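Student: Next come the chains, spelled out residue by residue.
There are 2 protein chains.
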Amino acid sequence: MTGPTDDERVARAALSRLSEPGDLRVQRVVRELGATRVHDHLRDERDLDGVLTDIAQRLRGHDPVRELDEAARAGIRFVVPGDDEWPTQLDDLDRCEPVERQGGAPLGLWVRGPLRLAEACARSAAVVGSRSATTYGGDIAGSLGHDLAAAGFTVVSGAAFGIDGAAHRGALAGDGPTVAVLACGVDRAYPAGHAALLGHIAATGLVVSELPPGCAPTRLRFLTRNRVIAALTGGTVVVEAALRSGALNTANWAGRLGRVLMGVPGPVTSAPSQGVHEMLRTREAQLVTEAAHVVELLGALGDDLAPVARGPETARDRLPATQRRVLEATPVVRGAPATAIARTAGLSVGATRQALEALLATGAVERRGDQWRLARAHRATGAGPDRGEDPDEDPGDAAAAMPGEAAVPS
Amino acid sequence: MTGPTDDERVARAALSRLSEPGDLRVQRVVRELGATRVHDHLRDERDLDGVLTDIAQRLRGHDPVRELDEAARAGIRFVVPGDDEWPTQLDDLDRCEPVERQGGAPLGLWVRGPLRLAEACARSAAVVGSRSATTYGGDIAGSLGHDLAAAGFTVVSGAAFGIDGAAHRGALAGDGPTVAVLACGVDRAYPAGHAALLGHIAATGLVVSELPPGCAPTRLRFLTRNRVIAALTGGTVVVEAALRSGALNTANWAGRLGRVLMGVPGPVTSAPSQGVHEMLRTREAQLVTEAAHVVELLGALGDDLAPVARGPETARDRLPATQRRVLEATPVVRGAPATAIARTAGLSVGATRQALEALLATGAVERRGDQWRLARAHRATGAGPDRGEDPDEDPGDAAAAMPGEAAVPS
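In order, the protein sequences belong to chains A and B.
This note's numbering puts the first sequence at residues 1 to 410.
This note's numbering puts the second sequence at residues 1 to 410.
It is worth saying that the hints were derived from the structure and are not from the lab.
Mixed in with the good hints there might be a few duds.
What the hints assert, rightly or not - Just some of the chain A residues that point at chain B, by a computed CB distance under 7 Å:
hint : residue
1    : Glu20
2    : Asp54
3    : Ala195
4    : Ala196
5    : Thr218
6    : Pro267
7    : His277
8    : Leu287
9    : Arg334
10   : Gly335
11   : Ser348
In this text, all values refer to a predicted model and were calculated from it rather than measured experimentally.
Idealized CB from N, CA, C, for every residue including glycine.
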């Protein structure tokens, strides 16, 4: 495939400057006529179905060729469909229902940074969330960013305060590529407090925007920006989001685009987790607690399986059932005769004696005359040989099953 | 239906004393021959397929009639299948695969307290979790217990330290019925630190056990007890559970019994929430964050719907789209002409003027000469008239869209 013509790029640059991102009227005529013809029409101030007169009016005196040159001198390129670097997954936006009459694939993306955009986003995850994040949320976003980067995923976010910034920083700390998608020109630092962060991202990753250099962020631009974050990535992880958080807008786009939508839970008492919990509760989103879960959901099928979470296996798990039962019925300090242990264990005296001998051989119990009790080495942490490993197990409570209190009253 | 005979009750009491809860050998012969005939056989020390000799041996000298009398004098009754008070949902256990050769419905339940068991559990939820709970988990369990009780649900749990105790206490605080299912005799206080709590529960709710009075708890008895908690209730809520917590055993039983299994999330950094998160991640359990969600899942279909969680609607939400766009492009402090606002908003000057006049009429913007800015009353919290209501929204950032920086360079 030959790339886009210069005319095409110039036309798209002009339209990108003069229309709002996600303007469906522009999308429609560009799809029907092609960007170059739309641009020609508008430059001649010819009416296009009566819908684009406001753009035509503003076209006067605008020089897109000069603008592209100036951008290039500032290290900014304008990537359009057909470019090698164009992430074709953005075209999914053209097949996705618009929201409040906004949507569709971008006319192009203004890009600053050393990576190739399509390549950088081929294996990528969005990590987004609340600007008013808690330290908990910030920590989680940071370690997700770090661990995703370490797993070879590009972390895409919106460079906002809170979760976004933490995710980018985590990725940078993990020496991984990270992509910031802005709601203003890529030459602007918004928020201003993230000027240094954006500088770092542009130096090693990419800063990207649908809006030409110099453009200011507005609320609608944040919303249309969010669809780009969702569409660029294989899935979106929401770390903290209150019930009306902008991050939920990104989440909705991810869901509507058929991307994997993930949420990290938090305390149910924490307002910034409420929006995430609601997505998880309604099963719009899949719960993840660590990068490995994200990698599993976004990675190639069969590869990238997260390690199974399980508690440590204990020595007790490996005992035959009868020995386990007898061990649990054996007192800790004062000894008890086999007959009493048998009653507590609910086993015959014969089976109990056999099990006690086996446990004696492995050093789990000790015998003094006809009295049995747990071996000294196994006593320190409570009633069982492995009690110390698992503070949350129910007590086998041999201590409570002292002979005097055995199951059958004597 | 006539109730069970005295012989049946006596036979089941004897078998309950002499076999371990959930012993499948006993279940099987009782199902085949009836409890009375099994008891007769064993009393004669006749061999029942060679499997019950250990029980037969222990039957000597045991007087179940005297035991039932003594229990009754201590305020303890033995409820068996066929009694009005028998919760027939326990019979589901007979249709459920055993785990490690244990399972099946109890032979009967020893019960202490003023409620009728079946009635108390008709509309009930189990709230279970870690003994080594965090204060977060305890708070959540307590308020779940309280709110479920207030919604007319009986809170069933295991009276353990941590989550169980907090759930019972919450229900008591909500003046609601609560049922403690023990792994020892209902005349025993286990754990001893919960003696007063168990006294309260027995005074207003129910203390229940498969094990006869006097019996000590053992680890296996905790595990078989858990199946009773799961089977008695419409669903089980796990509040905190580490990866090897006994609460997950109750959860597994709930799942296998087709009961609703629910989990309350917590910080992903908290070990006592790990087991819950794993259940939620694998979709074994449904995420809940408050009692209303539990009520919705367990209540009658269509009734008991939880209120929809949503952020407050703001004045801005109710504006027509064009006015909203113009409002967002209007500067906060320094005024700007309609032409500059039009460029930032991406609208024609005519449409922008029209919107500004409408916003002026509602008091959202003010005008000085040809300069427009946000009205003073709407400025205090930032750039928009309702910004203060939603700290987590993206900034509409009219401030950043000052005329000098408008979208089209002049």
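Student: At a threshold of 7 Å, is the proposed contact between Ala196 of chain A and chain B supported by beta-carbon distances?
Tutor: At about 18 Å, which exceeds the 7 Å cut-off, the nearest Cβ of chain B leaves the hint on Ala196 of chain A violated.
Student: With a cut-off of 7 Å, does the beta carbon of Ala195 of chain A approach a beta carbon of chain B closely enough for the hint to hold?
Tutor: 14 Å, violated
Student: Is the interface hint for Glu20 of chain A satisfied, with its Cβ closer than 7 Å to some Cβ of chain B?
Tutor: 4 Å, holds
Student: Taking the least C-beta to C-beta distance, is Leu287 of chain A closer than 7 Å to chain B?
Tutor: It holds, given that the least Cβ distance between Leu287 of chain A and chain B is near 5 Å, below 7 Å.
Student: Does the interface hint hold: is Thr218 of chain A within less than 7 Å of chain B, judged Cβ to Cβ?
Tutor: With a closest approach of 5 Å, the Thr218 of chain A hint holds.
Student: Taking 7 Å as the limit, does the beta-carbon of Arg334 of chain A come near enough to a beta-carbon in chain B?
Tutor: 14 Å, violated
Student: So, Pro267 of chain A near chain B? Judge it on the closest CB pair being under 7 Å.
Tutor: Check passed: Cβ of Pro267 of chain A comes within 6 Å of chain B, closer than 7 Å.
Student: Holds or violated: is the Cβ of Gly335 of chain A closer than 7 Å to a Cβ in chain B?
Tutor: Gly335 of chain A check fails; min Cβ-Cβ to chain B is 16 Å, beyond 7 Å.
Student: Tell me if Asp54 of chain A is really an interface residue toward chain B, meaning its C-beta lies closer than 7 Å to one of theirs.
Tutor: 3 Å, holds
Student: Under the criterion of a CB-CB separation shorter than 7 Å, is His277 of chain A in contact with chain B as hinted?
Tutor: For His277 of chain A, the interface hint holds, since the closest Cβ of chain B sits about 5 Å away, which is under 7 Å.
Student: Can we keep the Ser348 of chain A interface hint, with Cβ of chain B closer than 7 Å?
Tutor: 3 Å, holds
Of the numbered hints listed earlier, those contradicted by the structure are 3, 4, 9, 10.
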